[in-house]
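A.B. asks: Residue numbers (numbering that gives the first Met the number 0), protein chains in the order written: chain A, 0 to 373; chain B, 0 to 379.
By construction, these hints were calculated from the structure, which means they are not laboratory data.
Note that the structure is predicted; figures quoted are calculated from it, not measured.
Treat each hint with caution, since some may be false.
To be verified - The calculated DSSO-like cross-link candidates involving lysine-lysine, where the alpha carbons are at most 27 Å apart (straight line), are:
hint	chain 1	residue 1	chain 2	residue 2
1	A	LYS191	B	LYS87
2	B	LYS157	A	LYS346
3	A	LYS215	A	LYS346
4	B	LYS157	A	LYS42
Okay, here's what each chain looks like letter by letter:
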Amino acid sequence: MENPIVTPSELKTEEFVVNIGPQHPATHGVLRVEATLDGEIIKDVLPHLGYIHRGIEKMTESLGYKQSIFLTSRMDYLSAHINNHLCALAIEKAAQIEVPARAKAIRIIMDELQRLTSHELWWGSCAMDIGAVTPFFLAFRDRERILELFEQNTGNRLTMSYIIPGGVMNDIRPDFVPKLKELIKSIKDYRKEYDQLITGNFIFQHRTQGIGILSKEQAISLGCTGPTARASGLSCDIRKLYPYDGYEKLDFKEVIDYGCDNWARYVVRMEEMNQSIHIIEQLLDNMPTGEYRTKLKGVLKLPAGEYYQRVESARGELGVYIVSDGGAKPYRMKFRTPCYSNLGAVKPISVGMKIADLMANMATIDLVIPDMDR
Amino acid sequence: MISMIQFSDVLAWIHQLLSSCMAPWLVFIIELVVASVAAVVALLVCVIIMVYMERKVAGHMQLRHGPNRVGWHGVCQLFADIIKLLLKECFTPTRADKLLFVVAPVLSLCVSLLALAPISWGPGLVLWNTNIGVLFVTAISSMGVIGILMAGWSSNNKYALMGAMRSGAQIVSYELSAGLSIVAIVALAGTLNTGGIIESQANGWWILKGHLPAFFAFIIYIIASTAECNRAPFDLAEAESELTAGYHTEYSGMQFGIFYLNEYINMGVVSMVASTLFLGGWQPFYLPFDFAWAHTFNDIMALKFMETWPAWISWVSLAWPLVWFFGKLFLIIFFMMWFRWTFPRLRIDQLLKLEWKYLLPLSIVNLVIIALLVVLGLHF
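Could you put the whole structure together from the sequences, leaning on the hints where they help?
C.D. replies: Here's what the structure looks like:
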């Protein structure tokens, strides 16, 4: 008689493909991830881009240099100030424009506030991807306070376009400094709530520790930047390596962790928020007085040549490569965005893990889809 | 409460009244229908309160106000939502298994409502006074997974299938430790009848009388039953950040509404069982100590002072067990909501590890200790 018991080797299982996205709660935008699954286990991950490609690089070629600033706000909408800053720096370097000290200080404060908002939103959405909904609301409460400050001083909440070549669009309001001081005090209190709710949570720690390991070698070969790479022990903070607008005079630490996992990326971002607060506090106590921008000519022309500038955005190294033919419009403007290079890390750190870990991995890499697609 | 009016007296009086003017079979049918409808309606009222409570609890935990526009403090929000769900199209995917797709929500609703039968709402207020009460609830509640598996399979959707398979693994696993914690109390009470279990707690709830093991059993039961209800942090079957909506991804309109309702009915049933077993059901709080003030406290709790009052006022005391029953019900439900809006979700392997490596061995050891307590007569 035939043996009726089926041994595991006789049981045939089939892999199947799931399209996660373009409309999916975990991709926070229109990214499509083609995941090959064997039950719960991920066999392959293939991200597809292009759902929010707006041709920003091409559009800059028909706009002037000054106008391009407004497009950069739309790239990584969570760090608009930093994108503007990048563009302004590149143009200033090419056209050899001097920026007043006050403008530099304002720019750095805005950059760091922007980093804070970005990391706060990331904290909320990361916790939501891991299954906790409440942190999202706490994150939005705190982000809202900073956005209100942006609104009062720049007129906008999301796409500020405040930092322009030569300085900033307008001077900060007289009550900016006292308001910010008050805000920083309350942000420090809020940080304790973050730790109570999520950082110290047993389930959260088990969901992140030892998951999504990205070794230092992998981080280098994939071109990862920002907190993602720094959590793998790679020193890559542009603010330290290639300081701009006075970062060299400020006291702050480059946060590096050697854990290589999701928990390390979490810890790095949380500590970066503290460093941002520290940077702002140093500047607030001695704000330079004087002009807030250098007057420029109506039509800005860059001398013919190639220029590259990089800044540290909330997600890593953000670069712009400008080719100028001496005219009023760029011949080519290419952005090197951190999310695009960090996206490459999703596959190597997710294969072999569970599908829930894919969401956690994508969350801790902190992908902003319009930043990849431009 | 010797001389006071009991539910059993009221029910016996109604039975006599009906029997005096009708044939016995008609009386039986009328009583069956009226009692079942009354129980379901009572549960649905609980569900309405639960949904409103969940929204308010979630709101206040998340720095929001929750619903506050439809009616006084948003109390009518749920009715607006139900009307919306009723008016929406019940969409069926093209290549779905049509029959299973339609049957799945109905089946899971029937199964959850069946578990209501042996629940004792008050003294003598029980739909089906059976000697296998708790066993019946355990048996029925594990059948809920069939509806979920049917929904996941018939939807012809990969997310739905994955959610259903997760739910299957989860419910089958957590059934074990939930069952073992129930057995622990059954061993202490010596009966499976829900009314009997509650009456055995007249001199103190099992969570207090059964020493630490009973408390552990309570904790294990709450964890396991949260998992059985597919509630966060164990909501892997519908994990919205991974599987969009899990097993009910393809459901819309009132078919989705039934699954939603089902979740709350399950929560209600589980909390009723938990309060029956561990918190004395409709029994008021009782201090199992031999002090004068403890006796006074217990007398007040048992409404002894109302015995001397006129008979028409003692009718009010009928509501007293119900107050305790529903109070405990909503207390446990509040805890489940608190979990949901605080914790991140577990991963599937962590979920199964928690059950098979920690909860199940713990509850077996716990059961052995309780058996020893019972044999040696060490409990109160």
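A.B. asks: Look at each hint and say if it fits the structure.
C.D. replies: Hint check results:
1. A:LYS191 x B:LYS87: 44 Å, violated
2. B:LYS157 x A:LYS346: 21 Å, holds
3. A:LYS215 x A:LYS346: Cα-Cα ~15 Å, so holds.
4. B:LYS157 x A:LYS42: Given that 27 Å is the threshold and the Cα spacing comes to 16 Å, the pair holds.
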